[in-house]
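Enquirer: Add chain Y to chain G, keeping to what the hints say.
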Amino acid sequence: MNAELFAAIAVVVGGAFTAIAGLGVLRFGDVFMRMHASTKAGTLGVGSIMIGTAIGASGEGAIARAVLIIAFILLTAPVAAHLVGRAAWRNGTPLADDGEVIDEWRDGRDGRAGSSRRDGHDGSA
Amino acid sequence: MLSTALLIAFVLVALGLLATVIRLLLGPSRADRVVALDLITVQLVALSALLALSSDDTAFMDVGLVLALIGFLATVAFARYLESGPEPTGSGVRVRQVERDRDTATGPLGQRDGGLS
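For the record, the sequence lines run as chains G and Y.
Heads up, the first sequence is in this note's numbering, so the first residue is 1 and it goes up one at a time.
Heads up, the second sequence is in this note's numbering, so the first residue is 1 and it goes up one at a time.
Chain G with its partners taken away, still in its complex shape (with noise of 0.2 Å):
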């Protein structure tokens, strides 16, 4: 009984994860807030429900499933949103235009960490 409630509660929790992550991707303004809600949001919503399989199927190996399901999201999700918004901003992919824009990368180069260089082989003036 108590395990049953445990699995419904994770397995709405996880559903409720992975609609929020849905809406994010749905709603958000550019490609990296958009990775940003379906990285977190969606690994935590399957690693929710995986639980809650685990908890509440009574077949066997089903929570060495669940665990396996888990490491392997929880391992290769970060590596996936890593390439792919490397490959969006080396690609030009636009940024959202709110005015609150804050792009690092480009900024390191051309402030902080350009003019710390020594060869002075950056490119900004």
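If you are wondering where the hints come from, they were derived from the structure by calculation, not from laboratory data.
Don't be surprised by glycine CBs; every beta carbon is placed ideally from N, CA and C.
Don't take every hint at face value.
Covered by chain G, per the in silico footprint, the following chain Y stretches (three or more residues, Cβ under 8 Å) [stated by the list, open to error]:
| # | segment |
| --- | --- |
| 1 | 8-18 |
| 2 | 31-43 |
| 3 | 56-63 |
| 4 | 76-83 |
Expert: Only chain Y this time, still in chain G's reference frame:
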């Protein structure tokens, strides 16, 4: 009680999938679509786990495991494709000006030249 929770969770995941599919269709840039596809795979893993719970059949968990594996590979491949060139002209995406002559190995602070020193 668990069946009610499962029903709610199914509806929530379906709503998330719907929103993600709308983003996949809208784009506008290729990176947006890649992110949407990645999230769709993750949501399908969640859906297969819910199916395993509702049908009491752990075979659906195997489906989720394989989906997670394939989805990661697909995202990596799409990221390579993204990096292969700028947006195609006529796609309506206003591309930022990025200096393309940068070394691939330099990070945000230009670590290759000892930017932190």
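Enquirer: State for each hint whether it applies.
Expert: Evaluated hints:
no., hint, result
1, 8-18, "holds (count 10)"
2, 31-43, "holds (count 9)"
3, 56-63, "holds (count 5)"
4, 76-83, "holds (count 6)"
Comparing the model with each numbered hint stated earlier shows that all of them hold.
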